[in-house]
Amino acid sequence: MSEILAGGISERDLTQGTRNIHVPELNLESQAERMSRQIRLAILEQSKRAHVGHIGSALSIADIIATLYGGAMSLPSPDDPERDRLVLSKGHAALALYSALHLIGWLPKEQLDTYCGDASLLGVHPERELVGIDFTTGSLGHGLALGAGAALAARMQGSSRRVFVVVSDAECNEGSLWESAMFAGHHRLGNLIAIVDLNGQQALGYTREVLDISPMHTHWEGFGWDVSEVDGHDVRAMAKTIESLDTGNGRPHALIARTVFGKGVSYMQSQIKWHYLPMSDEQYRQAVVEIEATT
Amino acid sequence: MRAAFIKRLIQLAHQDQRIVLLTGDLGFTVVEPFREEFPDRFFNVGVAEQNMVGVATGLAEAGFIPFVYSIVTFASLRAYEFVRNGPIAHQLPVRLVGIGGGFDYGTAGMTHYGLEDLAVMRIQPGITVVVPADEDQAAAALTATSGLSGPIYFRIGKDDGRTVSGLNGAFRLGRAERVREGKDLVLVAAGSLSCNAVAAAEELKEGGIQASVVVVSSLNPPPTQDLAETLVNFPLTVTVEAHYVNGALGSVVAETIAENGLRCHLVRCGVKETPHGLVGSSRYMDEQHGLSDSGVVQVVLKALEKLNVQEKEASLTTI
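Just so you know, the protein sequences line up as chains S and V, in that order.
Residue numbers for the first sequence follow my numbering, beginning at 1 and rising by one.
Residue numbers for the second sequence follow my numbering, beginning at 1 and rising by one.
For the record, the hints were derived by calculation from the structure and aren't laboratory data.
All figures in this text were calculated on a predicted structure; none of them were measured in a lab.
Incorrect hints may appear among the rest.
[Stated by the list, open to error] Sample of chain V residues at the chain S side, in silico, Cβ under 8 Å:
(1) Val45
(2) Gly54
(3) Val55
(4) Ala62
(5) Phe64
(6) Glu81
(7) Phe82
(8) His90
(9) Asn168
(10) Ala170
(11) Glu203
(12) Gly207
(13) Ile209
(14) Gln210
Glycine is no exception: its CB is placed at the ideal position from the N, C-alpha and C atoms.
Make the full structure from the sequences, and use the hints.
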């Protein structure tokens, strides 16, 4: 069992606050669900090989990324100008994105295996030089502005493409993020979809203890956004919510995705230290066993 | 200078549908003609410069050429990291237009003085930095750089009307323009203080001192070859700029001298201390910081006197 520390978000919280969504019970495992597990295994494999951290952050968004790359986004090819765009504003979780790019065939395994190595295009934070990465990110509070510009561009070009921005809840500490939230709300950029990874943690503590801005949805609503609260580990629910969004010239959309930091690996879940730590051999073996057991 | 810049921008925008103008709620009586001409390509994004640069980056990624307009300090310093991680990191054609520079906003006080923008911009290898000296050159520079695929920072003077004698609106990227010939020293100037440099040369002439004047408007890429070929011919070079003395034109010239092994004495005219409290017209502020016509003349006379003393001492030592 994971150890839930004071101020963190517990597993129980995940089932609360999800609204306006009917999730059908399906026996068949969806493509996105399969992708979730594969992303997690790739995160573990690559961070173990490279001996780097940020594992908990990547695991936190594994299901969000699986939802997007498992069917929610329109991605005909990496250079199709009409493809949906993704800004991974919480760039430190890029390993989840690299894994998804590999799983959809845009990133060869040999290249994924260079993660954090010398002369690799796959750093901890994503850079645009890598095929499939639309924007270089890593500085928190930057990505929503990029996304707002990309969404405005799509509107000006008469395109129906959408722009997804994945932000962290801690990133909402950055004032610049709210500049962009204000801008997108004012200009009614309905083709802009921000997904807030609400895992309740940041580098040195729990968000409630560092800078508590809960409840998160009120701020987005205040700036004119359409807000949905979703379980950030339920790929079907997230896909259904995204599909239901009106991406015309209405309000921009914020999906407040309740997540568990380190989701899927019991000893990492809701543990601050796994923002930074690499895994030992034993920890890696245990993590893989736990993820594989979710089949 | 800013009105001439916008006028030329409107001309270019008629030819190029990709041009978009964003302002951070600044440019009263300046940006309105663009808004009236292209209402669908004009956005007052509000007082939020970081977002403005981020939005411009997103627009540029999709094929637009966004011009981002604000006062120098806000365009360069407030949004600096967004510039670095946005247009520079992505190598996208975002045009940053900083209005003012130096003490152009003299009575507005410290927060509005542009004293370090050129330094922080030019140290980034991935951005072109242009500092037009007058309105004709501002328009020419805009046209000359319109095809560049990467980002550009323009420092555009607030006031219109002054023209640098001998410049005739010439602008060449990576080149310097010699606007006046003289054998005794060379004044190297940038931006709107180029007028002061020419006026100082005129004043020196009355005292029998012949000064050349070179205008540097392309700070990145710097006109290294032009400067090296020019400076070597003079015993004294004096730089003149409305900027902190470190980091911009004075440093470009110092680097050129050092890296080319030139035998040339350099004196840099610029702002040497943080302005504290006292405000006034830009003319007054320039005077207070030794950047007026007569201030430059005084610097030149002092430097020449020092050189003469050194030469005498050297000749005595030789004997």
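Hints, one by one, checked against the model:
Because the smallest distance between the Cβ of Val45 (chain V) and any Cβ of chain S comes to about 6 Å, under 8 Å, the interface hint for this residue holds. At a threshold of 8 Å, the smallest CB-CB gap from Gly54 (chain V) to chain S is about 2 Å, leaving the interface hint in force. Proximity of Val55 (chain V) to chain S holds as hinted, the smallest CB-CB distance being about 4 Å (cut-off 8 Å). Interface hint at Ala62 (chain V): satisfied, since its Cβ lies 3 Å from the closest Cβ of chain S, which is below the 8 Å cut-off.
About 6 Å separates the beta-carbon of Phe64 (chain V) from the nearest beta-carbon of chain S, less than 8 Å, and the hint is met. With 8 Å as the threshold, the beta carbon of Glu81 (chain V) comes within range of chain S, its nearest partner Cβ sitting at about 6 Å, so the hint holds. Interface restraint check: Phe82 (chain V) against chain S, minimum CB-CB distance 6 Å, threshold 8 Å, status holds. Hint status for His90 (chain V): holds, given a least beta-carbon distance of 6 Å to chain S, under 8 Å.
Interface hint at Asn168 (chain V): violated, since its Cβ lies 38 Å from the closest Cβ of chain S, which is beyond the 8 Å cut-off. Hint status for Ala170 (chain V): violated, given a least beta-carbon distance of 35 Å to chain S, over 8 Å. With its C-beta approaching chain S no nearer than about 48 Å, Glu203 (chain V) sits outside the 8 Å limit, and its interface hint is violated. For Gly207 (chain V), the suggested interface contact is broken, since its CB lies about 54 Å from the closest CB of chain S, more than 8 Å.
Interface hint at Ile209 (chain V): violated, since its Cβ lies 51 Å from the closest Cβ of chain S, which is beyond the 8 Å cut-off. The beta carbon of Gln210 (chain V) comes no nearer than 52 Å to any beta carbon in chain S, farther than 8 Å, and the hint placing it at the interface is violated.
Checked against the numbered hints given earlier, this structure breaks hints 9, 10, 11, 12, 13 and 14; the rest are met.
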